[in-house]
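Student: Listed here are the chains, written in short residue letters.
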Amino acid sequence: MKMVKMKGWVSKFKRYSLYAFICLVIAIAAAVFGIISYTSNNAQSDSRRIFESSLWNTLQLQIQIYQFSNHLLSLDQDSDSANHEEVFAQYEILMSRVDLLREGDVGNLIRDYEEGRITRLLNIINGELELLSYHTSKVSQGDMSYAQELMTRLKKIELQSNELTALINKGSTEFIEREHETLQARLFSIKALSVILLIGLLLLCFLTLKKLTALRKAKKLNRSTHEKIKTFYEDRANIISFIHQEIRSPAHAILGIAKRLQKSANIDSPHALSLHLEESGQQLLQTIDMVSDFSLVDANKLTLKPSTKNLRKAIEGLLETLSPQISRRSLQSILYVDPELPAYVTLDFERVKEVITAFIQNAIAHTPSGSISIHIRPTTMSVPISPPSHSTGEIRMLQIVIKDTGNGIPVPLQNNLRPHASTSIEKEPTLLSRAGFNLALCYKLVSLMKGEIHFSSDAKNGSEFWIDIPFHVANNKESALETSNNRIKITAKQALLIEVDNNIAHIMKHQLAELDIETIRLTTTSHQIHKYENYDFIILGNMTWSEYNEAETIQQWNQHNKPIIRYQTEANNDHKSNIASMAFPLTQSQLEKVISNTFHSKKA
Amino acid sequence: MRFRLFATSLLLCSLSTLSYALEKPTGRTILSVSGAIETTNTNDSASFDLNMLNALPQHTVVTENPWAEGVHTYRGFSVASLLEKIGNKGNLLQVFAMNGYMTEIPINDFLEKGAIFATHQDGKNMSIRNLGPIMVIYPFDSQPELRNEIFYSRSIWQINKIKSIVTTE
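Here the protein sequences line up with chains A and B, keeping their order. Under the numbering used here, the first residue of the first sequence is numbered 1, with each subsequent residue one higher. Under the numbering used here, the first residue of the second sequence is numbered 1, with each subsequent residue one higher.
A hint or two may mislead.
EDC-like cross-link-like pairs, simulated, lysine to aspartate or glutamate; straight-line CA separation at most 20 angstroms [stated by the list, open to error]: (1) B/K161 x A/E85; (2) B/K124 x A/E92; (3) B/K161 x A/E128; (4) A/K156 x A/E128.
Hints were generated in silico from the structure; no laboratory data involved.
This is chain A alone, in the form it adopts within the complex (with noise of 0.2 angstroms):
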């Protein structure tokens, strides 16, 4: 809704600015139409011509009259007819050139000047000269007797003509200080028009560059957008591979045990079946609830679900569950949740769960042979600057180290996965196709929960990896309570651990460790085997008997009352040899308590 509302905000904003910039170029092409208007000389090289003319006229009509006087002076009886006739050509000249000033633009431009004076002496000057055609006529045809009467007229004429100059020359002033006026105001519209002008296109290369940045953005968001589009369809294939290849096999799994069950009504093994089922039903399970947060992470729709739990009982009760899956790989798993971390914590379990199972199935598929350890420790990581809000309780670091013992990463592997060990991986569209449906979840996930990710993986030492994530303390009383019940004094103080694997006898030291119980370590069966004597019982872990002889050794430890653990497959004490078994995965509660009922038969 609130889109929806930016949308339409945004496209009213880009609607008045498309009518702003029609305004704009509207203004602008009326600026330099003004300026075209204005800077126009027709109009004034017109009224100049024009004023030009009126004074042409005006002193050629002064010439005119004293050409015709000097011709009339000129002549006489003696004459020529030729010279006669003239006298009525120079008539008709004065004549024309005084219809010039009566008639036409100079008529029409001078008819103003002086409020009608000059139309008045025109006129004046034009019927004293009309009168004298009968006089001209009489001359031109040789009667010299109206050449004085015409004279004396004509000198009347020339005082009028002599006026009518100085009043036309008075308005021509007049006329061109009027013209100067509206040629200044003229100038300073041209100058508001080319500020106008200046200012319009300023803002138009103004508006063109904001359109073409947008343009240029709006470019390269359609190529992300692409770019975008094809990832998605890319993940979309990756997903639905990822789907097919996790549920491929639980489902054969099912189908295999449904034919088993449907071909033989007596079974021999029920409840493995029966187990084995459920195994594949939790994996079809786990698989569409990976599917599903992943969609869900993608759409920004996944929101986490706090709960507080033990923590290790949690986190014991889901290796249990992956253990069939690491053992039909011939693989050890350990695990141990340190002490320093509170019993309870407050996180989304299930999500913690999807990240744990995916890094171990991730080991499980790097690792030919050996081991896969778990070890849950507090951090001094700082707290994400905002950590998920779920809780008030008080906000810590845990990391989750998973380590194995397999061929490390494949290093093009670890350089994609490089760079995005950090919460920006959400930003990352690829990392699905570069790293795979498994830890691209764990990557989503993990940053959603405001946690980190890093590893170390190199082909001889095998692959770790630290989750770091924020939790909440529960604040509930049951966890000290527990705490302090949980404790069991145990009267051993040495162990004799003989354990080839690194991985497991480091994580088999924090557990003792956890028991206040030292512990020595041989790597194999030498001649150090009888160095220690101070070990109150044994752990025989991944070992060969090169030396000695593994029954008499046992006899030897049995004779010197010394207990011996061992863990294989499936837990199965030995009570002739005096063997006591654990069972993968190596939990604390389960050597805990091995070790308890071990002490406490010996007391008994």
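For chain A, the structure is supplied; the task is to place chain B on it using the hints.
Tutor: Frame of chain A; chain B shown alone:
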């Protein structure tokens, strides 16, 4: 420009070769042409009365002009016909008015721009008072580019003399 000069020279040469003897005016002389001409009918000029001018091929220009209100039909002779008659060698005409005013008009104005020497206004002879008997008129309406000071100043009236001269342009 060179092409125009060449065309004008060619025309003048052709006019020159086609010239023939000019009859004398029988009526009152209203126009005399002097200067670079080959054919004369008085001392050193070619004189024309109105009938002689009316006998030349006539052309009409319908236009407004700044000196007479409204649109008028002007009729008169083409300079080409006149110059052909007198064996002209010049390329520029000095045209004189009765009051002594003079203006120079390139012959091309008559050949290319359609200017004429008008002797009639609206079918009537032009009197001196009506800016006659001869007036140079340009087709201002059909060629608005002629509406400028250059062609207005060349529009001379009350013409009584023409002098043909050769410029070295």
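Student: Looking back at the numbered hints, which does the structure fail to meet, lowest number first?
Tutor: 3
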